Amino acid sequence: MTRQDEPLPRTRRRFLLEAGAIAGAAGIGLPLGSEHAAATPASMRAAIRKVVGEAPLNRGKIKIDVPALIENGNAVPFTVSCESPMTESDHVKAIHVFTEKNPQPNVISVQLGPRAGRASVSTRIRLADTQKIVAVAQMSDGSFWSDDVEVVVTLAACLEGT
Amino acid sequence: MARALINVPPKAKRGEVIEIKTLISHTMETGFRPDNTGKAIPRDIITEFVCKYNGQEIFRAELFPAIAANPFLTFFTVATETGTLSFEWTGDNGFSATESVNISVE
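Read top to bottom, the protein sequences are chains A and B.
My numbering puts the first sequence at residues 1 to 162.
My numbering puts the second sequence at residues 163 to 268.
If you are wondering where the hints come from, they were derived from the structure by calculation, not from laboratory data.
Don't take every hint at face value.
[As the list claims (entries may be wrong)] Derived list of chain A stretches under chain B, where covered just means 3 residues or more per stretch with a C-beta under 8 Å from a C-beta of chain B:
# : stretch
1 : 70 to 78
2 : 97 to 104
3 : 124 to 130
4 : 146 to 154
Computed from a predicted model, the values in this text were never measured in an experiment.
Each residue gets a CB set at the ideal place from its N, CA and C atoms; glycine is no exception.
Same shape as in the complex, but just chain A (with noise of 0.2 Å):
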């Protein structure tokens, strides 16, 4: 007699492995339920979207300049820059910043112009969290180009008390 081939009966074994699904099962929804108001991947995907449009996102040409380890997330210093004449007819028109776990996915807006000479920008930002910060750069001829950067966050920002 093999043991497969008698129909399984309602033992203790059967009974933890289809306990140990319904509450894997339920475990999913729960982490997400009980967090912190907070932006999302998704939510970064729509502010994106509201600054770009239909219009096609493009790799490369700007570029972010952030340590990828950072100890402190309240004062992260930040540079983006992006490769661009800076003539009146090929500029960079505007600059966006976005993070995916910060309480809000907007991080910066900047506006320039022919005037700006180059089209670079730092400031310090806050950082909530390890993640994903993406800049997207808005040329003078409508086209957008974006790049990403991983960051790893010990101490977060804008969470704690005090």
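We have chain A; now place chain B onto it with these hints.
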């Protein structure tokens, strides 16, 4: 009145790309942090920054709560003529600050 620091080269050659650094004291309260009673502290941030060169706008930034306290911004412009660079910050609760520096272009 918020304290602002501006760093612009006092002299530049015509057509040169110059770097402008600005820093202003502001808490940039995000609106997401809870106070001692667990209630969220209301948002109080600078929402907009504009830089004008002899009255003509050369740079504008829209800021969100993800900008760190005491917003620091660095950007570039082409030195075209001798004149004044004016800076303006506006924000929540009627916050407004202006600052200007002179630049001489040879």
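Hints versus structure:
no.	hint	result
1	70 to 78	holds (count 3)
2	97 to 104	holds (count 4)
3	124 to 130	holds (count 4)
4	146 to 154	violated (count 0)
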